[in-house]
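*Asks:* Protein sequences, first through last, are from chains W and F.
Going by my numbering, the first sequence opens with residue 1, and the numbers climb by one from there.
Going by my numbering, the second sequence opens with residue 460, and the numbers climb by one from there.
No lab work stands behind these hints, which were simulated from the structure alone.
There may be inaccurate statements among the hints.
Computed footprint of chain W on chain F; a stretch qualifies when at least three of its residues, placed anywhere within it, have a C-beta under 8 Å from a C-beta of chain W [what the hints assert, rightly or not]:
1) 479-492
2) 497-510
3) 516-527
4) 540-554
Here are the simulated DSS-like cross-link-like pairs (lysine-lysine), alpha carbons at most 27 Å apart as the crow flies [what the hints assert, rightly or not]:
5) F:K549 / W:K362
6) W:K335 / F:K552
7) W:K22 / W:K254
8) W:K396 / W:K412
9) F:K549 / W:K22
Incomplete in silico selection of chain W near chain F, CB under 7 Å [stated by the list, open to error]:
10) G331
11) G332
12) A374
Small disclaimer: the values here were computed from a predicted structure and weren't measured.
Backbone N, C-alpha and C fix where the C-beta goes; we use that ideal spot for every residue, glycine too.
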Amino acid sequence: MRDVLIQVLYLASSVLFILGLKGLSSAKSARNGMFLAELGMLLAVVGTLLHLEVVRFQWILVGLTVGSVIGAAMAIFMPMTAMPQRIAISHAFGALAATLVGISEYSRHGTDLSHGTMAALGFEVMFGSLTVTGSLMAFGKLQELMRGAPITYRFQNLLNISLFIATFGLFIFLIFEPSRADLFYLMIGLSFLIGVLMVLPIGGADMPVVISLLNSYAGLASAATGFAIGNNVLIIAGALDGTSGFLLSIIMSKAMNRSFANVIFGAFGAVAEGGPARTAEGLTVRRMTVEDAAVQLAYARSVIVVPGYGMAVARAQEAVREVAEQVEKRGGEVKFAIHPVAGRMPGHMNVLLAEANVPYNKLFEMDEINGQFAGADVALVVGANDVVNPAARTDKSSPIYGMPILNVDQAKSVIVLKRSMNPGFAGIENDLFYGPKTSMLFGDARDSLTKLAVEMKNV
Amino acid sequence: MNQLLMLFMQLYVFVLAGILGYVVISRVPALLHTPLMSASNAISGISLVGSLVAAGSDYGVLSTVLGTVAVTAATINVVGGFMITDRMLKMFKRDGADKP
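My request is simple: use the sequences and hints to build the entire structure.
*Replies:* So this is what it looks like as structure tokens:
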């Protein structure tokens, strides 16, 4: 009877998870959807606690309490600009839980594991542990605890691939010889190492793909846990998480016109090694003052704002909204053009602008807005670089050639807010900055925009 | 044989859930991709289910220790993930309607 009740709870919980994700298909239904998913999680936990195997509750309570306090604190106090880091480290937590459960299962059953269960367990700890260290590396890069630029060395791919083949070989061997505990732990150690080495050569601009991919791995590790302990709700939730991450990484790769393999094996910075295709020598940029920009924006009928990672770094989203409001007060129209890989994770810009109270019906995806740049009086580029670089269309030698970009260069005039003339993350020169219609407003984006909003009131 | 059959039943569930997930998630607009990530993160905290059994059952010290750490890590994801998703979703507003 008890078992039936548990299964009913698990079934309900699986259905609620799916309905919850379905809610995310629109901003209106999203919060209700998440409520369903939360309910689903509650049912799954209740169902699990009913298991006869669960006999002591003191350590469960400790874990739940400590976890809730840490989780809630992170959710409440973390600034929105730190979302990419938070997402990255939470993949590490999820994968850690899966890995530890796997190790505990293995240590308990040891030699009497069936081949099928061993396959699931092996997969779980292999993907789990490489996701733990990979996510921690991604966290370190995003939090700037370590250099964000790609770290490359000779024979890097060769080393990584051989390590992966060796680890995978151990995994296969263990399926046939589950009793070899030494090899089991060696496999875990190697997987930890792979996680580190895999993320080392990946630069900031590629982070959206990597974060999505790690999301997918964490999900797959959970699903494997489900296979190992024979639990369908784990399999279903893990599969949902796995496909979600996988789908996002495909979308992100497409938005950069690169394949998975290229992101993982072809460090972005390394592509330019053959000698930069073009340099900026001999070209001059047109600087402008805040006053010039204020006049130009004040008389603009239509403005398209293009935010990029620079906006997140400068925490300039509030200031962007202030400027947009000034334009609107004078009867102009403001739209926001969001490139799929602007920022460091999928949807990064949308969240920041939502935080600054920019209504989401003013945010447009690339395909929706690209035809409208030609009719825009001003394109205001706030800390975006590679996603507006026309070289992606024209320069075959450029590492970003073929990447779909926002057609900022078609606008009647372009104002670029930028800290300095340093090239973007990918280290590529941007012709847009030297274009005849482009004016550069140098300085901290938040600072410039705040001044700009004040100045516009006086125009 | 029985073992293999069970594995296949599990594969059924996994593959069908994966396809369903693909269909549902491909309808999530780019606008909500970050909330989607944090939501799926919270849902991946479902490894809590396995962790609870490891922490609460009587299978020796190692299992209890690993289980407790796993419960903590998974709970961070569940609680933190759902809370931050809600915090984000609250911010998404349509034009004008909500302004004082």
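*Asks:* Hints first: check each against the structure and report whether it holds.
*Replies:* Now for the hints, and whether the structure bears them out:
| no. | hint | in the structure |
| --- | --- | --- |
| 1 | 479-492 | holds (count 13) |
| 2 | 497-510 | holds (count 14) |
| 3 | 516-527 | holds (count 10) |
| 4 | 540-554 | holds (count 15) |
| 5 | F:K549 / W:K362 | holds (17 Å) |
| 6 | W:K335 / F:K552 | holds (15 Å) |
| 7 | W:K22 / W:K254 | holds (23 Å) |
| 8 | W:K396 / W:K412 | holds (26 Å) |
| 9 | F:K549 / W:K22 | holds (17 Å) |
| 10 | G331 | violated (16 Å) |
| 11 | G332 | violated (15 Å) |
| 12 | A374 | violated (23 Å) |
Checked against the numbered hints above, the structure breaks hints 10, 11 and 12 and satisfies the rest.
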